[in-house]
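Protein chains in written order, with our numbering: chain A, 1 to 255; chain B, 256 to 502; chain C, 503 to 710.
Because the hints were derived from the structure by calculation, they are not lab data. Careful, some of the hints might be misleading.
[Said to hold, decoys possible] Straight-line C-alpha distance at most 30 Å; calculated BS3-like pairs for lysine-lysine:
no., chain 1, residue 1, chain 2, residue 2
1, B, K267, A, K242
2, C, K633, A, K210
3, A, K103, B, K267
4, A, K210, C, K626
5, A, K103, A, K242
6, A, K210, A, K78
No experiment lies behind these values; they were computed from the predicted model shown.
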Amino acid sequence: MSNTISTHTSPSASTADTRRAKRAGKRDVWLVFWIVPAFYTAFGVIFFALARVMPPPRPDVTTDQMVHFFHAHGLTIKIGFGVLVLILGGAGVANGIVVYHMKRMTVGSVLAYAYLGSMSIGALPGCLLVAICFLTAVYRPGRDPQLLALLYDLGLLSYVGSLGCFSTAYFAFAVAILYDRNQIFPKWLAYVSVWQIVTEILAVPVFVSKAGPFAWNGSISFWMGTVIFGFWLSCVIVFLMKANERQPVDEAPLD
Amino acid sequence: MQILAEAEDLPKTANIKTQLISLWTAPVFGVVLLIAFLAFPGFFPPMSPDMTAEQVARFYDDHAAMIRFSMITFNLCGIMLLPFFMVIVVQMKRMATQSHVFAYCYLTAAVSGATLFALADIFYLVAAFRPGRSPELVMLLNDMAWMIFIAPVGAFVAMNLLLGLAVYFDDGPDPVFPRWVGHYAVGTGLAMAPAVGAAVFATGPLAWNGAISFWLRNGAFTLFVVVMFFVLRNVLHRQAVEEGVAR
Amino acid sequence: MTHAEQATSESGSPAASSGSEIEQHPAVHVPGDGHMWVMVLGDLIIFGAYFIIFMVYRAMEPQEFLRSQEHLNINIGVLNTLVLLASSRFVARSVQAARGGDHALALRLTYLGGLCGVAFIVIKAYEWSTKIAQGYTISSNDFFMFYYMLTGVHLFHVSLGLLILGITARELRNPRRRRISMVESGATYWHMVDLLWIVIFALLYVMR
């Protein structure tokens with residue numbers, strides 16, 4: 001569709017080097033796109049291997065065991081979350097490119113803004129708070145165990161239990177896709193986003209349950225949610241790439 | 256609003272429809288949030304900052320179930336009010352006689368304000384999570400929850416002042432909002448502003464359980480959502496008619 | 503809700519033009535559109551996982567699950583099952599009516615199906631309130647947590663289903679549309695909701 005090299009200069013380029021474009025779509029959008037899988041790969045490494053919150057440590061442990069957890073993983077937590085708070089801009093980039101393509105839909109901007117807003121909100125309780133809590137917990141050796149237990153609970157409950165911000169984002173995304181006629185994303189991606197809302201609902205009991213499938217490390221509230229999120233994210237990345245490819249090189253910049 | 260048959264498939268119709276959906280999330284989820292508000296045992300009357308640590312810990316132990324029901328509902332449904340405020344952003348961008356900088360400032364302020372709301376309920380829930388926690392720590396979490404919920408009104412004040420300014424600047428022949436909306440927004444911002452006192456005062460009307468910081472602040476905000484729902488419904492109808500989308 | 507299935511359809515379904523349903527049948531007609539089937543099959547897989555996990559925990563604490571199960575009112579469960587089955591029948595007949603061109607009948611049947619859905623929700627709300635009044639809440643034990651969560655997320659699906667039936671009704675009311683694929687998609691989703699309930703009913707209420 002848009003694999004031909006455009007012969008007239010796009011409004012955004014000031015010189016004639018757009019004729020060298022090897023790929024369809026715009027250079028800046030491609031640059032932004034590649035940041036997304038790079039960021040989430042780093043995110044995965046940090047959250048799985050370093051920060052030890054994927055899977056999260058158990059809620060049904062004693063204060064001493066929580067202290068032991070921080071003691072045992074202090075170094076990797078510092079490295080992992082330290083790097084995370086540096087690269088967290090990648091989340092903004094990922095949200096930004098989705099908003100960009102949502103604005104190319106035929107549905108107007110209100111849902112793109114809702115997605116932008118909700119995802120931005122979610123970054124704090126859903127990601128940063130656990131990073132800060134854990135970094136604080138391992139910052140000073142010998143901190144009172146009860147304080148460490150508080151940081152443990154606060155970090156993990158906010159991480160697994162931030163439900164509404166993301167639900168709103170998925171809602172906005174799903175509705176926009178279903179109304180869109182430019183076929184920026186396929187309709188079934190809207191339904192996958194609805195599954196994401198279902199996983200948020202299934203995470204409601206983490207505030208109540210300390211063991212079993214509905215605890216913050218449970219097979220339903222955590223694991224299934226993570227698996228479905230991984231699937232959703234992979235689909236989004238694939239379709240961002242396709243949206244990039246199908247975007248005409250000479251499409252005017254969005255307002 | 257009666258969408259015209261010939262306009263069914265146009266992009267500008269989808270623009271109206273998605274705004275309508277975003278608008279209607281406010282009353283639908285507003286009712287849910289109101290139920291959650293009424294269900295929280297610590298709002299009637301609002302918990303006093305004077306409570307001792309033991310009293311706070313006992314409160315969380317005694318009422319864990321309703322605290323959890325109420326705050327989980329806030330957690331799950333609170334941000335569903337955001338699309339409503341994004342309709343205001345989109346309408347601000349339709350104002351003809353100004354650049355749209357106010358709309359973008361409004362957007363970011365709304366995001367900041369909503370983040371605090373998303374954060375506050377987590378603190379209540381953590382306070383209720385482990386019954387054996389030291390009462391001092393439960394009180395710490397409770398203090399933070401209340402303070403985050405009530406005091407940082409800066410974003411809401413800014414939003415309302417920005418909306419007011421935008422309405423005042425929209426003085427061309429075809430304003431988006433009626434002029435009184437500008438006064439109303441400024442008034443709402445001013446009504447919410449004193450709630451910052453909750454971060455400082457432990458007694459009196461400015462404390463987080465006080466008439467000004469709790470009832471006036473939350474009442475003004477709720478009333479704003481209700482009033483603006485009807486205003487925006489009219490505005491959307493006019494937009495639809497102007498653009499040939501509806502009758 | 504607009505679907506772009508007229509343009510590129512990823513399933514094998516024929517591009518349905520508005521109004522007439524039977525033009526040129528290929529050998530196989532996949533009802534509805536491929537996107538809804540992704541939703542349905544994916545949802546079934548997800549719920550399947552929930553059901554397996556339920557069975558695992560039940561196997562670990564069989565006595566507790568059996569004892570807790572006795573506190574459920576099986577009559578209400580049966581009533582809910584019948585209500586949903588009736589609604590599915592209405593919806594299935596409405597698809598037949600739409601295919602046959604009788605859109606007024608299809609619309610009425612869609613409304614009836616939706617009404618049954620509302621009845622389901624009301625009955626479920628009543629059931630929950632009696633259980634809570636008797637002291638069986640989500641934190642009572644594992645069984646009741648499963649009970650509330652499974653029926654709760656199912657209730658969410660029923661609500662979505664009502665939304666979808668509403669969209670189907672709007673489609674049927676508008677003489678310029680009446681795309682059969684939309685009616686079929688809505689029905690597919692609704693049947694899935696019914697199927698999920700039957701499994702939930704069997705697992706929670708019946709299975710001993």
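| task | Taking the numbered hints from earlier one at a time, note which ones the structure violates and give those numbers from smallest to largest. | result | When the structure is compared with the hints, none of them turns out to be violated.
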